[in-house]
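> Residues per chain, in single letters:
Protein chains: 2
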Amino acid sequence: MTEELEQIKVALEATLNKRSRKKFRRLFLSLHGYEQSQVFAEFDVMQRKLIYTFLTPEELANVFDDTEEDPVEASKYLAEMPLPYVARLLGEMYTDNVVDILAEMSPIQRRKYLNLLRGDEAKQVRDLIHYEDETAGSLMTTEYIAVTDQQTIGSAMQQVKQEAQDAELITYIYVIDDQGILVGVLSVRDLITHQDDEKIADIMITRVLAVDVNEDQETIAEQVRDYNFVAIPVVNAAEKMVGIITVDDIIDVIDEESAEDYSRLAGVDTESISHNPFQTALKRLPWLITLLFLGMLTATLINHFEGLLSEVSVLAIFISLITGTAGNAGTQSLAVAVRRLATNNHLKIWRLILNEVATGIIIGVITGICVWIMVGLWKQNLLLGGVVGAAMASAIFVANLAGSLIPIGMEKLGVDPAVASGPFISTLSDLTSVLIYFNIAQYFLQMFVN
Amino acid sequence: MTEELEQIKVALEATLNKRSRKKFRRLFLSLHGYEQSQVFAEFDVMQRKLIYTFLTPEELANVFDDTEEDPVEASKYLAEMPLPYVARLLGEMYTDNVVDILAEMSPIQRRKYLNLLRGDEAKQVRDLIHYEDETAGSLMTTEYIAVTDQQTIGSAMQQVKQEAQDAELITYIYVIDDQGILVGVLSVRDLITHQDDEKIADIMITRVLAVDVNEDQETIAEQVRDYNFVAIPVVNAAEKMVGIITVDDIIDVIDEESAEDYSRLAGVDTESISHNPFQTALKRLPWLITLLFLGMLTATLINHFEGLLSEVSVLAIFISLITGTAGNAGTQSLAVAVRRLATNNHLKIWRLILNEVATGIIIGVITGICVWIMVGLWKQNLLLGGVVGAAMASAIFVANLAGSLIPIGMEKLGVDPAVASGPFISTLSDLTSVLIYFNIAQYFLQMFVN
Chain A
1 MTEELEQIKV ALEATLNKRS RKKFRRLFLS LHGYEQSQVF AEFDVMQRKL
51 IYTFLTPEEL ANVFDDTEED PVEASKYLAE MPLPYVARLL GEMYTDNVVD
101 ILAEMSPIQR RKYLNLLRGD EAKQVRDLIH YEDETAGSLM TTEYIAVTDQ
151 QTIGSAMQQV KQEAQDAELI TYIYVIDDQG ILVGVLSVRD LITHQDDEKI
201 ADIMITRVLA VDVNEDQETI AEQVRDYNFV AIPVVNAAEK MVGIITVDDI
251 IDVIDEESAE DYSRLAGVDT ESISHNPFQT ALKRLPWLIT LLFLGMLTAT
301 LINHFEGLLS EVSVLAIFIS LITGTAGNAG TQSLAVAVRR LATNNHLKIW
351 RLILNEVATG IIIGVITGIC VWIMVGLWKQ NLLLGGVVGA AMASAIFVAN
401 LAGSLIPIGM EKLGVDPAVA SGPFISTLSD LTSVLIYFNI AQYFLQMFVN
Chain B
1 MTEELEQIKV ALEATLNKRS RKKFRRLFLS LHGYEQSQVF AEFDVMQRKL
51 IYTFLTPEEL ANVFDDTEED PVEASKYLAE MPLPYVARLL GEMYTDNVVD
101 ILAEMSPIQR RKYLNLLRGD EAKQVRDLIH YEDETAGSLM TTEYIAVTDQ
151 QTIGSAMQQV KQEAQDAELI TYIYVIDDQG ILVGVLSVRD LITHQDDEKI
201 ADIMITRVLA VDVNEDQETI AEQVRDYNFV AIPVVNAAEK MVGIITVDDI
251 IDVIDEESAE DYSRLAGVDT ESISHNPFQT ALKRLPWLIT LLFLGMLTAT
301 LINHFEGLLS EVSVLAIFIS LITGTAGNAG TQSLAVAVRR LATNNHLKIW
351 RLILNEVATG IIIGVITGIC VWIMVGLWKQ NLLLGGVVGA AMASAIFVAN
401 LAGSLIPIGM EKLGVDPAVA SGPFISTLSD LTSVLIYFNI AQYFLQMFVN
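For the record, the sequence lines run as chains A and B.
Using the numbering used here, the first residue of the first sequence is number 1, and each one after it goes up by one.
Using the numbering used here, the first residue of the second sequence is number 1, and each one after it goes up by one.
Bound-form chain A, shown alone (with noise of 0.2 Å):
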């Protein structure tokens, strides 16, 4: 919360501990819905139970349309008011909004708060409910507007003036056939600067771009942000229009994906926070323990090379800054892989992969000579600097290589290829490195102390 925001909660609190409803009112619905909805969960449940009694349900409805984060949240506050209001204030609120807060309820409880609803909205919200997560159906509303393509720009003007109030968002106009199939798009800037008699079907856009209801919210992301729309239909197997995606639930979309992205990434979580620590351990322990035992196998793979290093023990020095060195080029080329795969739909793989071939070689080479050069003078020994040169050499080009074929792979296999982690290729290029780096230690060495 901002500053300005934490002080009118603390004024709010002074009108509510004096009960007084006219003060509360007036400051209360200045705010725009999300300030609402910010100061309304400061609140306890002794002032939330006045608040109800101060405001009408349509009046709440804006809080809770506008609070969209946690419906586990807002399902305890509808707990608390008595049925008649829920029933109000479910009418008014937009139909994806309900659909979001009823599908996270038990299936008793989700039944008693559709009772409540009239018959046609909560044929609206049954309709919604079953809709696939993250699916352009599980986003949709359907309080749009639609006009037929027989009516006249006055007629379809008549409609939007009642339609205006309940319609989530008015720019677009749709324009469907007496079937229900879509055929058109205007806006409402066409509608306005139009003569009333002018007919709809003379000025409607007919390549209007569409989405399937079960459309993975991905992709419609990605055309909403192309296309720079603020809100795009959705249609039904039939080409029926069933609803629309407005722009900011995209929004959320793009955040929550991009959120994903990072925390695969990261190996890690990052978004859901917690502040008890033993929780907080417990979402990274599964990764951190999973990567220990492949972190194991590369310990035994040392083990096996333990008589080559107590005889050249200098050898040791360099595990390190080796497998470092791989795992961070791995890293660098499986985010690039990643991201590409996620922004290309178009993508020739194999370009793809013969261009981290060649960097990975480019990149092994010229790291190798540096490592070479300085370990050479360091150690006084251009041999061990090779050795060494030529194992950072190989493990940054495996490592690299890695980093791009295991999430080809896994988009192959239908696998998300976010799921591989930085940490993930990190711990298996130790492996590739240590394996690399004590074979070309004992080959060469065996080469030239025999």
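Calculated from the structure, these hints are not laboratory results.
Among the hints, a few may not be true.
Given that identical chains are not distinguished, each listed pair holds provided it fits within a single copy or across any two copies.
To be verified - Here are the simulated DSS-like cross-link-like pairs (lysine-lysine), alpha carbons at most 30 Å apart as the crow flies: (1) K76 x K161; (2) K412 x K283; (3) K348 x K240; (4) K23 x K49; (5) K412 x K123; (6) K199 x K161; (7) K76 x K348; (8) K23 x K199; (9) K412 x K9; (10) K240 x K9; (11) K23 x K112; (12) K123 x K112; (13) K348 x K9; (14) K199 x K22.
For chain A, the structure is supplied; the task is to place chain B on it using the hints.
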């Protein structure tokens, strides 16, 4: 490009080859602006020059308004057109997009194009071009609708009808006083549903959220997302309204900022795609080579313990296990801290640090015990297991703390905390882990062996 669009492109090329102006126009103008710009980018210079004779500058303005992506490409196109054509094209485009293109040009080129614009248009562009990148000023456009609070709904509606075609967005009508100061806002919905003789001052919302022209784009994006706006007004230091930022530009900002965070976590720019492996390598090498020096520091540290290593060569087996696992824990806590700092403006820093300290202890102890048991059983040596386990626990604790302290420190210094990358934290933790491991090993082994 989708397959459908690919086919349309082929059809359009056929009409161009036949010099069939009418057919080209019919097909091309049926496309959405974004599609037009996608197709347009595929044509060669001869085809483009033909298009300039087929389309009016006003029609081509759509293509340019929806490209956005690449101002350098756009200025290449401008150079191909006759100057009077450019003049009309730039005059028709939204000011923010003209600014994006002109900002990338040399001063001489820019002056040439500015001279083509009408006086008032050129002034608007000049005003906008001086705003710093990533601020409200650089994102806003000046094509918005503003009425005064003295007007009636009817007269405002008249004005909207006249200005609708030029405005980038008519969802919000802004209300200014005679000084140009922003005093209110109403929606086109209000305009449509209220009576013609009602006064704007009676209907408008006076609590209007605006951003300062120098405000950072990330903060603005958060506000627009939280408040579910489709546009936000921009005011200067004197509270005068100077422009609006539309939600499509906000989405680009959100994409840009999250790509930036992702790139930084990976230690590589994942967005700039090059098909030349030398260029790709050049982008990744600086971080790798920088971290190589940090890695060499770790190597010299291990070198310092060479005596211990040659005596107890079994110690080398667990170097990569400890450095790897601590690095993974550090990456996790880094990502969590970066995200929490980015999304939570009023965060209590001490609480975050204390939480990470506690989490680090829990994760360290649990992982340490696992390692103790695993190594103890494997090597049939509980002392060795204890040394490795204790080193693991301490190394994880330190890496975990560093992962959150480094971004917090950077935030305090005013540096964007996302510059702390995963590769950096894991390379740094290699150093601390090795330091901890060998010190613990030396201490215990001296104690028991002597």
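> Hint by hint, say whether it matches the structure.
Evaluated hints:
In this assembly of identical chains, the alpha carbons of K76 and K161 never lie at most 30 Å apart, being 35 Å within a copy and 46 Å across copies at closest. In this homomeric assembly, K412 and K283 come within 30 Å of each other (Cα to Cα) both inside a single copy, at 28 Å, and across copies, at 28 Å. Proximity of K348 and K240 under a CA criterion of 30 Å is satisfied in neither setting, with 35 Å inside one chain copy and 51 Å between copies. Taking the shortest Cα distances, K23 and K49 sit within 30 Å of each other inside one copy (17 Å), while across copies they are farther apart (66 Å).
Neither within a single protomer nor between protomers do K412 and K123 lie at most 30 Å apart by alpha-carbon distance, with minima of 39 Å and 53 Å respectively. When the C-alpha separation of K199 and K161 is checked against a cutoff of 30 Å, the pair qualifies both within a copy, at 18 Å, and between copies, at 18 Å. Taking CA atoms no more than 30 Å apart as the test, K76 paired with K348 passes between copies only; the shortest distance there is 27 Å, against 50 Å inside one copy. When the C-alpha separation of K23 and K199 is checked against a cutoff of 30 Å, the pair qualifies only between copies, where the shortest distance is 25 Å, while the shortest distance within a copy is 49 Å.
Taking the shortest Cα distances, K412 and K9 sit within 30 Å of each other only across copies (29 Å), while inside one copy they are farther apart (52 Å). Proximity of K240 and K9 under a CA criterion of 30 Å is satisfied inter-copy only: 28 Å between copies versus 46 Å inside one chain copy. Proximity of K23 and K112 under a CA criterion of 30 Å is satisfied in neither setting, with 35 Å inside one chain copy and 59 Å between copies. When the C-alpha separation of K123 and K112 is checked against a cutoff of 30 Å, the pair qualifies only within one copy, where the shortest distance is 14 Å, while the shortest distance between copies is 62 Å.
Taking CA atoms no more than 30 Å apart as the test, K348 paired with K9 passes between copies only; the shortest distance there is 20 Å, against 55 Å inside one copy. Only between protomers do K199 and K22 lie at most 30 Å apart by alpha-carbon distance; the minimum there is 25 Å, versus 48 Å within a single protomer.
Violated hints for the displayed structure, listed by number in ascending order: 1, 3, 5 and 11.
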